[in-house]
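Let chain A serve as the given structure and place chains B and C on it in line with the hints.
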Amino acid sequence: MNARKSFGSRPRARILHPVSLTVRRGEILGIVGESGSGKSSLGRALLRLHEPTGGRLSFDGIDITHSGEAALRPFRRRMQMIFQDPQSSLNPRHRIRTILGSGLDLAPQTPGESRSEALARTLAAVGLDSALADRFPHELSGGQRQRVGIARAIATRPEFVLADEIVSGLDVSTQAQVLALLKQLARELSLSLAFISHDLSVIRTLCDRVVVMRAGRIVEARPVADLFDAPRTAYTRQLLDAIPSPVPDPGWLERGPIDRDLAATPAG
Amino acid sequence: MVERALPEAAVMATPLAEPAIARRRFAGLLAVFREPRVVFAGGFLLVLLLAAIFAPLVAPHDPLEQDLMLNTLPPAWSADAEPGYVLGTDSLGRDVLSRLIYGTRVAFTVAIVAALAAGLIGTLLGLLSGYFGGWVDAVVSRLIDIWMAFPPVLLSILLVAVIGTGVTSVILAIVVIDWTRFCRVVRSETLQQAKMEYVDAAVTLGTGRGKILLKEVLPNVLPVVVVLLSLEMGIAVIVEAVLSFVGLSVSSDTPTWGGMIAEGRQIIYQAWWVLVFPLVLLTATVLAFNQLGDGVRRLTDPVLRR
Amino acid sequence: MMVPAPLLAIDGLSARLRAPPHRPLLRSVCLDVREGEVHGLVGESGAGKSTIGKAVLGILPRAIEPCGGTIRLSGTDLLGLSPARLDAVLGTEIALIPQDPMTALNPSRRIFDQLTDGLRLKRRLRGQALRDKAVALLQDVQIPDPEAVLRRYPHEISGGMRQRILIAAAFSLDPKLIIADEPTTALDVTVQKEVLRLIRKMQRSHGTGVVFVTHDLGVVAQVCDRLTVLYGGMVVEQGETAAILAAPSHPYTRALLDATPRHDRTGSGMRPIPPQVAAALQAELARYGMGPGAHV
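Protein chains in written order, with our numbering: chain A, 4 to 271; chain B, 968 to 1273; chain C, 54 to 349.
Here chain A stands alone, though its shape is the one from the complex:
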């Protein structure tokens, strides 16, 4: 039933302590943490963008912890990533068709479908007009660029997609569109999705299960409803309590512990 397990550690920089988690087939897993919690590093480890210094990473039951680039190649198509910043994740010198093209190259061919048809279909799946294929990234709006990032990830018809803080800089209305799109695509394409965010509200909206990270460790891993209704650790409770809700609550501001951030430590 499951798609991958992962254990990773990086004692040199202490970015990630030994961590275990499983992403099941067809589930949307949220990975949440504040800055410096190691969530991005975990994400990249899941995609084998770096070689973990310890533990084991397996995809669909196959161990890929120490595989070389050649051995990894057949897996690359099956696990993809959507990046946070469309500015730095889309090559400014490539047209949209080139950016999506490399992904489409890897995808299994649909018989009878030409490249331009595949391109148009992929763009349509994320709500973009095929006329945008000839544009450069700087000719598109921020929301459109983010959609191109999503299109690139799904172009290879992956089984697993990692989304790293992809709605963080977006307006709330654009964010709502992107989240709705993501949920829809996950359902249509039977994707397993790992969604990294610092925003618990977004996680509650989108995810089935959630993993809370802090300082390179996993603090709690529960189904979404359980975590939000009955958090088990003090840290999670503190995180939840710190979120301002759009319903005015006169006691909210004064409630809660003193911020430990007051210690004069260098910025993370």
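Don't take each hint at face value.
Just so you have them, the derived chain C footprint on chain A, three or more residues with Cβ under 8 Å [stated by the list, open to error]:
(1) 170–180
(2) 198–207
(3) 252–258
Cβ-Cβ distance ranges computed for the label pairs, FRET-style [unchecked claim]:
(4) C:G320 <-> A:H141: 50 to 58 Å
(5) A:D252 <-> C:V188: 28 to 36 Å
(6) A:D252 <-> C:R138: 39 to 47 Å
(7) A:G254 <-> C:S258: 13 to 21 Å
(8) C:R138 <-> A:S171: 38 to 46 Å
(9) C:S161 <-> A:D252: 37 to 45 Å
(10) B:V1006 <-> C:D64: 35 to 43 Å
Keep in mind the hints are simulated off the structure, nothing from the lab. Every value quoted in this text rests on a predicted model; they were computed, and no experiment measured them. Here a beta-carbon is modelled for each residue, glycine too, at the ideal position from N, C-alpha and C.
Relative to the frame of chain A, chains B and C by itself:
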């Protein structure tokens, strides 16, 4: 299953958000004309280049032809000028204008070949050391450090003195020293590019490292290289002039701007034009190369600065 | 019953891009801030909320020009002031809490120097008096061991602490009005709560009015007494926070609330602005003379 596009109105729900930018006029190659620096400097250099190529057709006299009866004639607009010698003659009666035109040949040959060669070597090494790091980077960086410790002009004089004079030696001297300029800049640009998320994205597609270097990194490093090339051409012209000034460039028959300046220096009070015209042309050419480089940079930058 | 004159009264403020075709950025904005009130300016990107804040402070970029309306601080129109007179007002009457604590502080200058810039310039404090005041300011914002922190450089302290210092600097000259430009957007959520708590405390003890610019409806709900909702440089809805958020009268405000994800319940966060709301907004914008289509 295909028609899952979101309705346009919902997509454009915040219409005052940044709209898709309309296609600019003068896109593509014609964009060159948007930048006045490129037009004027480029035009000037083009004229010089054509004059150099067609020197035999353009120059009014043989640059080597001496006529001691007609020596140190002033330029055409002065009182004692002779017709036919627009910029005057030097102490051996040779036509200044023709010598300038033929001198352009040496200047441009050196400028183009030396700049391209230094650029090629420097860019290649910069890309490799910036992208692959490790021992390649360690070796190249140490090489650059050592190399740049030598005073450049002195080194080039030394080189030419050892190898012998001639255009090839001059070019070699420039390349051997200036490749480091390209290498350092390209290396730092490559390091930055290597951190970009689209490089990560290419990795997630299983693209090999060599292909990533070529397809993802190089196109973004190229604008810097182009600017450096035009700057380097200006520098090469100056170095050649310095070398020919001290007589270490091509053989003394061939006219060079630096050589003319050296000769003109001797007779500056009797015939100022022999010194001044090559000096002015040299300055204008270097200025033009710099402005061209600046203009090219302005053209390519806006693509990134959105 | 006399209603006291507002501290800040913005009346019909309009602004546009200086270069043709003069895209409008603010369309006849009216809002007022009472003494001691925290007034939220809410909107998405491009709505003009930062532009209003910059207009009040007189720091609009050269590319933007005000083209109508007045900004009255205690009766004086800030837009009509000469640069010299505006300089006198800045810092002492109006101050800014900037958005990004990383870039708002100069990495090459010590905390003490940057914190006391205003005090040295406007109050002409020197020597021991200046040092004592600096320590007192840091104590006010609950920074432990103030003497040590004052000697440090910005990169040697955490983001939350940097923001506290910026808050201390803003309050240092006891201004009547503070513009807080998304002061917690760049912070972790736990740090954000601390900073919000601090701003509220300082604001109450100094009696300062605050214009709180944000895109986050949750922050507005918990911190602001009244709010103004902006879209496309136009005021969409205005009034008491609790009343508006409980029962918004404008469909855009309603749509924003529906699109905001919640941690305490499911059912929101995936509903973008409905097309009919977008269309209605377009119609309202068009009434101001220049619809968004004009700028392409």
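So, going through the hints one by one against the coordinates:
Note: the stretch 170–180 of chain A has 7 residues with beta-carbon separation from chain C under 8 Å; the three-residue rule is met and the coverage holds. Coverage of the stretch 198–207 of chain A by chain C holds in this model, with 6 residues showing a Cβ closer than 8 Å to a Cβ of that chain against a need of three. Restraint check on the stretch 252–258 of chain A versus chain C: 4 residues with Cβ-Cβ distances below 8 Å, three needed, restraint holds. As the Cβ distance of C:G320 to A:H141 is approximately 37 Å, the hint placing it in 50 to 58 Å is violated.
Separated by about 35 Å at the C-beta atoms, A:D252 and C:V188 satisfy the suggested range of 28 to 36 Å. Between A:D252 and C:R138 the Cβ separation comes to about 43 Å, which falls inside the hinted range of 39 to 47 Å. Checked against the given bound of 13 to 21 Å, the beta carbons of A:G254 and C:S258, roughly 20 Å apart, stay inside it. Under the hint 38 to 46 Å, the C-beta atoms of C:R138 and A:S171, about 42 Å apart, fit the expected range.
A beta carbon spacing of about 42 Å between C:S161 and A:D252 agrees with the range 37 to 45 Å that was offered as a hint. The beta-carbon spacing between B:V1006 and C:D64, approximately 50 Å, falls outside the hinted interval of 35 to 43 Å.
Violation of the numbered hints given earlier is confined to hints 4, 10; the remaining hints are satisfied by the structure.
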